[in-house]
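Trainee: The residues making up each chain are set out below.
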Amino acid sequence: MSRRVKVALIAGVSAGLAALGGCSWFSPPLSGKAAEGRALFVMHCADCHEGEHPDLHKPPPKLNGLCRSKTLPSGAPATDAQLRKTIIEGRGTMPAFDQRLSEQDVEALVSYLHTLK
Amino acid sequence: MFLRKPKLTPVAVLVLLIVTIGASQTKSPKRYNLRGEVLGKNPATNEVTVKHAAIPGFMPAMTMPFKLKTARAMEELQPGDKIAAVVVVNGDDYWLENIRITDRSGRTSAKPPLPPHLLAVGESVPDLALTNQDGKTIHLHDFAGKAVLLTFIYTRCPMPAFCPRLSSQFAKIHEDLKKTPDDYRKTHLLTVSFDPKYDTAPVLRKYGLAYLDNDPSGFAHWDFASTTPSDLRKLADAFGLEYFEEGSQISHTMNIVLIAPDGTVARYWATEWTAAELEKALREQAAKSDASTQTAAQSR
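Sequence order for the protein chains is A and B.
Numbered per my numbering, the first sequence spans residues -7 to 109.
Numbered per my numbering, the second sequence spans residues 1138 to 1437.
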């Protein structure tokens, strides 16, 4: 299954669940880049950032209101450039998404991160 | 005429309770049909290595060792034999029963001594070269005399229940062992990447430091390494690792291998394990290190 098909499939499932109500990343109605970002978030990020993982060395931070704060959980400034850098290069035990996500994917993710309340 | 209501004496109640508990704890073994080819046999451990087809409801096609319950089966089976058998699974234990040799013709064909195969418990690990987080070449046999816990990861794994869990639990074991210097000295942790193209020495160093809380002295006890694609294939075959690129990720099995101080495979784990269990087994092997150092050195 190609990545585009997967993204479309997850976006469809997300939309369906949004209609039923559910987790924070399903609730707000989104469109365009942020909607694609949400699908990518569900596929690549939610498992760590939305789940509970007591087995992990450092529990991944929740990202609610990420862009409403002046700093990221790492203490770095909460700028788009820093978000892109963190996604691509990883930070601490967060894996790098270098060569796993395209530039457009990263931009879509950043757009979605801005919508988190 | 009066019918007396039966009375349960305290002893009868106790007997009833024991019987009930005993019955509830007895699970019958599960049985699955297997078809495959015998690649090797190890009379010392009473195991045969079988390359088998998928076993519906139990496991995908792979090459792995199976215990035999009779000496006759061990004597009869030869590498190259095609077999049909029943895999009996009873809790953590599993073995082959009702073995039928369906084709013996493979015995006579010219074959290499033993193709790459999953090492059985008790077999010696190959002395493959790896490059660690400092760009230094290390060999598996460098750890002779120590108990080694080895696992496989790729640094970009985004699945928290897979590589991040493995590295997190290794970090916990590493921290625990530090508290007992004798065990720390007699053990080593080794994390090997199956993404050597991306996981270069600097990438592995950065990854390792995140799990060592930025203390590089921890690398003396825990190496993060990669190797050439061909040696990685040999390692994967030896320790049963399966991995393949799938979309933007690498699908893979979870494999943990305990290597005894004498350089032989002591034990494997896949999905069912805890850090406490791994640590206990590692410490038990470490306790054997003094005795085996000399033997290992002499045999190499």
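If you're looking for bench data, these hints aren't it; they were derived computationally from the structure.
Backbone N, C-alpha and C define an ideal beta-carbon position, used for all residues, glycine too.
Keep in mind that the hints are not guaranteed to be accurate.
Stated by the list, open to error - Once the Cα atoms are required to be at most 16 Å apart in a straight line, the calculated EDC-like pairs of lysine to aspartate or glutamate come out as:
#	chain 1	residue 1	chain 2	residue 2
1	A	K50	B	E1312
2	B	K1334	B	D1368
3	B	K1309	B	D1320
4	B	K1343	A	E81
5	B	K1309	A	D47
Stated by the list, open to error - Stretch-level coverage of chain A by chain B, calculated; a stretch enters the list once three of its residues show a Cβ under 8 Å from a Cβ in chain B:
#	region
6	25 to 32
7	61 to 75
8	79 to 88
Trainee: Evaluate each hint against the coordinates.
Mentor: Now for the hints, and whether the structure bears them out:
1. A hinted pair counts as satisfied when its Cα atoms are at most 16 Å apart, and K50/A with E1312/B qualifies at roughly 14 Å.
2. Restraint check for K1334/B and D1368/B: the C-alpha separation of about 13 Å stays at or below 16 Å, so the hint holds.
3. Between K1309/B and D1320/B the CA atoms are separated by roughly 14 Å; this keeps the pair inside 16 Å, and the hint holds.
4. Straight-line distance between C-alpha atoms of K1343/B and E81/A comes to about 11 Å, which keeps the hinted pair within the 16 Å bound.
5. Proximity of K1309/B to D47/A is assessed by CA-CA distance (about 10 Å); at most 16 Å being required, the pair is judged to hold.
6. Residue count for the region 25 to 32 of chain A with a Cβ under 8 Å from a Cβ of chain B: 0. That is fewer than the three needed, and the coverage hint is violated.
7. Here the region 61 to 75 of chain A counts 0 residues with a CB under 8 Å from a CB of chain B, which misses the bar of 3, and the coverage is violated.
8. Against chain B, the region 79 to 88 of chain A contributes 5 residues with a C-beta closer than 8 Å to a partner C-beta. That satisfies the three-residue criterion, and the hint holds.
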